[in-house]
Amino acid sequence: MTTTHVAVGSRPHSAEAQPGENYLNCSHGLKSWLLTLDHKRIGVMYLIATLGSFLLGGIFALLVRTEHLTAGKTIMDADTYNQMFTLHGAVMVFLFIIPAIPAAFGNFVLPIMLGAKDVAFPRLNLASFYFWIAGAVLAVVSIAINAPDTGWTFYTPYSTSTATSVIPVVFGVFILGFSSIFTGLNFIVTIHKLRPKEMGWFQMPLFLWGLYATALIQILATPVLAITLLLLILERSLGIGIFDPALGGDPVLFQHFFWFYSHPAVYIMILPAMGIISELITTYSHKHIFSYRFIAYSSVAIAIFGFLVWGHHMFTSGQSSLLSMIFSAITFSVAIPSAIKVFNWVVTMYKGSIDLKTPMWYALIFIWVFSIGGLTGIFLGTLSVDVHLHDTYFVVAHFHYVMFGGTVMALLGGLHHWWPKMFGRMYNERWAQVATFLVFVGFNLTFFTQFVMGSRGMPRRYYMYPEEFTNWHVASTWGSYIMAAGFVLTAIYLLRSLAKGPIAPMNPWGGATLEWQTTSPPPHYNFDGDPPKTGDPYDFDRVKYDPETGSYYHEPLRG
Amino acid sequence: MIGILQAMAPEGLLASAGGSFWLPAAKSTFAKSTDATFYFIYWLSVFFFVLILVMAVWFLLKYRRKGPVPQSQPSAHHSTFLELLWSGVPLLLVLGIFVMGFRGFMDLRTPPKGAYEVRVIGQKWNWAFQYPNGYEDSELHVPAGEPIRLVMTSMDVLHSFYVPEFRVKMDVVPGRYTDAWFQADDPGESRIFCAEYCGTSHSQMLSKVIVHEKGEFDEWMKKAADWISEMAPEEAGAILYDRKGCRQCHSLDGTGGVGPTFKGSFGNRRAWSDGSSGVMDENYIRESILNPKAKVVAGFDPVMPTFQGRVNEKELAALIAYIKSLK
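Protein chains in written order, with the working numbering: chain D, 1 to 559; chain E, 560 to 886.
To be clear, the hints were calculated from the coordinates, so they are not data collected in a lab.
Don't take every hint at face value.
Said to hold, decoys possible - SDA-like, lysine to any residue: derived pairs with alpha carbons at most 25 Å apart:
1) E/Lys672 / E/Asp744
2) D/Lys533 / E/His636
3) E/Lys886 / E/Glu793
4) E/Lys625 / D/Ser551
5) E/Lys773 / E/Asp745
6) D/Lys351 / E/Lys621
7) E/Lys773 / E/Ser760
8) E/Lys672 / D/Gly318
9) E/Lys683 / E/Asp744
10) D/Lys351 / E/Gln630
11) E/Lys822 / E/Ala783
12) D/Lys533 / D/Thr519
13) E/Lys621 / E/Ser638
14) D/Lys351 / E/Thr639
15) D/Lys544 / E/Ser760
16) D/Lys544 / E/Lys621
17) E/Lys781 / E/Leu849
18) E/Lys621 / D/Gly318
19) D/Lys351 / E/Pro627
20) E/Lys767 / D/Ala71
21) E/Lys591 / D/Asp355
22) E/Lys672 / D/Asp355
23) E/Lys683 / D/Asp77
24) E/Lys886 / E/Glu846
25) D/Lys73 / E/Gln630
26) E/Lys683 / D/Thr162
27) E/Lys591 / E/Asp744
28) E/Lys625 / D/Glu555
29) D/Lys351 / D/Gln83
30) E/Lys621 / D/Arg542
31) E/Lys773 / E/Glu793
32) D/Lys351 / E/Trp617
33) E/Lys773 / E/Val677
34) D/Lys351 / E/Gly626
35) E/Lys852 / E/Ala880
To be verified - Simulated restraints on C-beta separations:
36) D/Leu34 / E/Ala576: 55 to 63 Å
37) D/Thr70 / E/Val710: 31 to 39 Å
38) D/Ile304 / E/Val605: 25 to 33 Å
39) D/Ala246 / E/Gly673: 31 to 39 Å
40) D/Ile304 / E/Thr639: 52 to 60 Å
Keep in mind the model is a prediction, meaning the values are calculated, not measured.
Built from N, CA and C at the ideal position, the CB exists for glycine as well.
Model the full assembly from the supplied sequences, consistent with the hints where possible.
Now the structure itself:
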């Protein structure tokens with residue numbers, strides 16, 4: 001199928017690009033970026049925006065951790081602490097993890113992997129970016145006015161009664177939801193309509209299965225969050241009495257509404273990350289992915305089951321025991337597709353030719369942290385054990401192992417994997433591995449200690465804590481400093497590579513999918529002329545090393 | 560060896576006080592079953608984590624690329640047997656874990672009949688515990704070896720009643736009652752935390768459960784309920800004047816109300832509504848509290864309810880002392 005839309009840029013493009021011309025240098029000036037309809041430029045803008053949010057959320061996290069260096073007051077008072085952990089959670093979840101992989105890497109890579117010129121609706125794509133900006137600005141403005149102190153979960157009736165400014169940040173999240181819906185819709189239509197004729201569903205790269213499953217959740221679950229947040233705004237401003245028991249409402253109803261979105265949202269965060277890991281493991285093992293169909297189906301299974309488990313956040317909320325039993329049972333069913341993925345990734349390495357480049361290190365770290373994150377989820381899905389662990393640091397550690405350890409490690413892996421493709425430059429491999437090591441050590445020191453504190457009874461969101469937890473808190477805080485050093489180092493060598501890095505070849509890693517069969521960076525329309533024909537996306541027999549250029553090339557498709 | 564490690568390690572590194580490495584001391588009857596489930600999942604997790612790690616490291620060492628040219632060897636891309644194995648075995652295991660967790664949970668959610676009931680009120684940022692005899696305390700005192708049922712509600716936002724050493728947690732919700740129960744067989748003290756975020760002093764919303772020997776609990780309750788003996792009778796009377804609702808009708812500043820003011824009232828001669836008169840002395844106050852309609856002050860309606868059975872001798876004495884002091 002050919003694309004029929006006409007892209008609008010600051011100057012006309014021809015399908016046949018000039019030699020040396022790419023999407024970065026084909027037009028110039030701020031306006032050519034701000035009004036671009038090119039999915040690659042929108043992806044890059046999203047990358048900058050979401051990584052900026054990661055920096056902001058990270059600063060809040062470091063302040064929270066620093067406060068915990070002592071059991072009493074260290075650097076801030078209780079109300080400021082409550083605002084800091086709220087901002088950390090809200091910024092990281094809504095501005096960073098949910099949009100980061102789909103909107104940044106999905107936007108950049110998805111159309112190229114399909115051999116398409118762009119997503120199905122380029123204008124909607126740009127609109128989604130500006131909805132993101134609008135939501136982010138509102139959220140950040142509320143920080144400047146009087147930052148909320150409700151926790152990122154906005155539980156009622158605290159959120160309807162606190163004196164801090166809840167409405168701007170909630171309205172900001174409401175708007176961010178549209179950005180997420182637009183992106184999801186765009187990806188679904190693009191995957192359905194712009195796939196080349198010879199590419200069946202099971203010839204798609206697995207990253208696209210991850211994005212597709214994510215997009216399904218985005219368009220089905222996000223509207224529920226939007227309605228819930230609107231009700232919260234109406235409750236707070238007009239006192240309509242939906243959630244506040246003083247007005248005849250039900251505070252537990254808010255939790256049901258909130259988690260009906262926010263649990264599937266966990267899979268919005270992790271499914272694209274799993275897609276990246278599938279790409280990384282197979283590429284750096286130079287080996288066909290093991291059991292393609294099971295990995296693809298398991299993404300969809302996770303997306304479906306993910307809708308049916310929200311009540312496992314509420315085992316101690318006062319919901320009925322029958323509900324808790326049902327939610328616990330379904331929760332365990334989500335464990336299976338995740339286990340299938342992990343085993344298939346590991347077995348993909350069997351008889352491969354493993355190249356321990358930075359993205360592969362991140363993929364291996366992902367398997368480490370995601371295994372711990374997933375296995376500790378079993379503790380929390382188990383009813384009697386969850387009663388003890390709920391709302392303790394054990395939960396905090398668990399979801400950081402999954403969301404931060406899982407999603408962010410995959411994001412870093414993807415960032416290093418696609419960096420040469422996006423910007424045409426190679427980063428310094430040695431420094432990258434030093435930073436990876438710092439992140440790995442720092443991460444585990446920060447969060448493994450929190451498992452121990454939590455199972456010993458340390459409740460979360462505590463400004464002060466009993467003295468006996470001091471050593472563990474201090475270790476956790478030092479871990480966060482080590483990790484921060486790793487991130488700063490990463491930023492330095494990546495930015496430096498833009499100016500001084502060696503020019504990237506077309507296929508520096510030996511990737512088999514279509515984005516490695518165009519120039520680095522790609523031209524405006526992604527390929528010079530028609531994209532190459534595709535077959536099995538993981539046919540590494542065709543991907544050969546060229547000793548002269550130190551990179552890889554594809555042998556023509558047989559048959 | 561372990562002893563040396565424990566001696567060298569900073570306090571609290573290898574085990575929490577009275578507990579194991581992962582869990583605090585187990586002080587309720589069902590804590591042991593929760594802990595058994597916890598450690599079952601724990602060792603299973605350790606097994607699978609090590610399995611994944613060993614496989615990954617083994618492949619990494621064996622199939623690490625040597626030189627720039629990839630040399631992967633052909634092998635199957637799929638094995639239905641393996642897929643069924645590694646989805647089927649975990650499925651059976653998690654089913655077993657689900658059943659263990661569910662059975663423990665049903666024990667947690669089903670208080671035995673005839674449990675001793677304490678009402679729990681959560682309020683920013685303190686706990687109040689009300690006993691069947693009406694006594695209220697900011698700490699939870701319970702007898703050992705007896706099931707205790709807590710009927711809980713909140714006056715403002717969500718709170719959560721959490722005793723780590725009992726493995727008990729339940730949200731405390733405004734506008735409805737939630738319940739929890741436990742039985743502690745050994746006397747001792749355990750910490751109560753608020754586990755649901757509730758604002759500024761959430762981390763200071765702490766209290767204690769004090770488990771008394773069975774006999775000692777009754778003694779403690781008798782003494783605690785007898786708080787009047789702990790202070791001067793006038794002070795106790797002032798508290799009772801508020802608590803029993805005297806304030807609603809009898810002013811302290813001489814202004815009129817539904818009933819006559821208490822200010823400077825003691826020792827005065829009064830005219831009764833039946834035309835006779837008498838002195839307001841100890842006996843008159845006593846009679847007026849227990850049988851208010853016997854002698855009503857002229858000019859007032861006989862509307863005061865009797866407090867017969869709602870005040871005891873000590874409280875009467877305290878109230879009389881308080882009224883005497885209001886010059």
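Here is what the structure says about each hint:
1. E/Lys672 / E/Asp744: Cα-Cα ~18 Å, so holds.
2. D/Lys533 / E/His636: Holds, at roughly 22 Å.
3. E/Lys886 / E/Glu793: holds, 13 Å
4. E/Lys625 / D/Ser551: Holds: E/Lys625 and D/Ser551 sit about 16 Å apart, inside 25 Å.
5. E/Lys773 / E/Asp745: Holds, at roughly 10 Å.
6. D/Lys351 / E/Lys621: holds, 8 Å
7. E/Lys773 / E/Ser760: violated, 34 Å
8. E/Lys672 / D/Gly318: holds, 20 Å
9. E/Lys683 / E/Asp744: violated, 31 Å
10. D/Lys351 / E/Gln630: Since the Cα atoms of D/Lys351 and E/Gln630 sit roughly 9 Å apart, the hinted pair holds (cutoff 25 Å).
11. E/Lys822 / E/Ala783: Violated: E/Lys822 and E/Ala783 sit about 31 Å apart, past 25 Å.
12. D/Lys533 / D/Thr519: holds, 16 Å
13. E/Lys621 / E/Ser638: Answer holds: E/Lys621 to E/Ser638 is near 21 Å, not above 25 Å.
14. D/Lys351 / E/Thr639: holds, 19 Å
15. D/Lys544 / E/Ser760: violated, 63 Å
16. D/Lys544 / E/Lys621: holds, 22 Å
17. E/Lys781 / E/Leu849: holds, 24 Å
18. E/Lys621 / D/Gly318: violated, 53 Å
19. D/Lys351 / E/Pro627: holds, 17 Å
20. E/Lys767 / D/Ala71: holds, 19 Å
21. E/Lys591 / D/Asp355: Between E/Lys591 and D/Asp355 the Cα gap is close to 48 Å, so the pair fails against 25 Å, i.e. violated.
22. E/Lys672 / D/Asp355: violated, 65 Å
23. E/Lys683 / D/Asp77: holds, 17 Å
24. E/Lys886 / E/Glu846: Cα-Cα ~21 Å, so holds.
25. D/Lys73 / E/Gln630: violated, 58 Å
26. E/Lys683 / D/Thr162: holds, 12 Å
27. E/Lys591 / E/Asp744: Since the Cα atoms of E/Lys591 and E/Asp744 sit roughly 12 Å apart, the hinted pair holds (cutoff 25 Å).
28. E/Lys625 / D/Glu555: Within the cut-off at roughly 22 Å; holds.
29. D/Lys351 / D/Gln83: violated, 51 Å
30. E/Lys621 / D/Arg542: Holds, because 23 Å separates the two Cα atoms, which is no more than 25 Å.
31. E/Lys773 / E/Glu793: violated, 34 Å
32. D/Lys351 / E/Trp617: Status holds; Cα separation ~11 Å.
33. E/Lys773 / E/Val677: With a Cα-Cα distance of about 16 Å, the restraint between E/Lys773 and E/Val677 holds, given a limit of 25 Å.
34. D/Lys351 / E/Gly626: holds, 16 Å
35. E/Lys852 / E/Ala880: At roughly 22 Å apart (the allowed maximum being 25 Å), E/Ala880 and E/Lys852 satisfy the hint.
36. D/Leu34 / E/Ala576: 55 to 63 Å: holds, 60 Å
37. D/Thr70 / E/Val710: 31 to 39 Å: Holds, at about 38 Å.
38. D/Ile304 / E/Val605: 25 to 33 Å: Roughly 30 Å apart at Cβ, these two residues keep to the hinted range, so it holds.
39. D/Ala246 / E/Gly673: 31 to 39 Å: holds, 35 Å
40. D/Ile304 / E/Thr639: 52 to 60 Å: violated, 22 Å
Consistency with the previously given hints fails for numbers 7, 9, 11, 15, 18, 21, 22, 25, 29, 31 and 40, ordered from lowest to highest.
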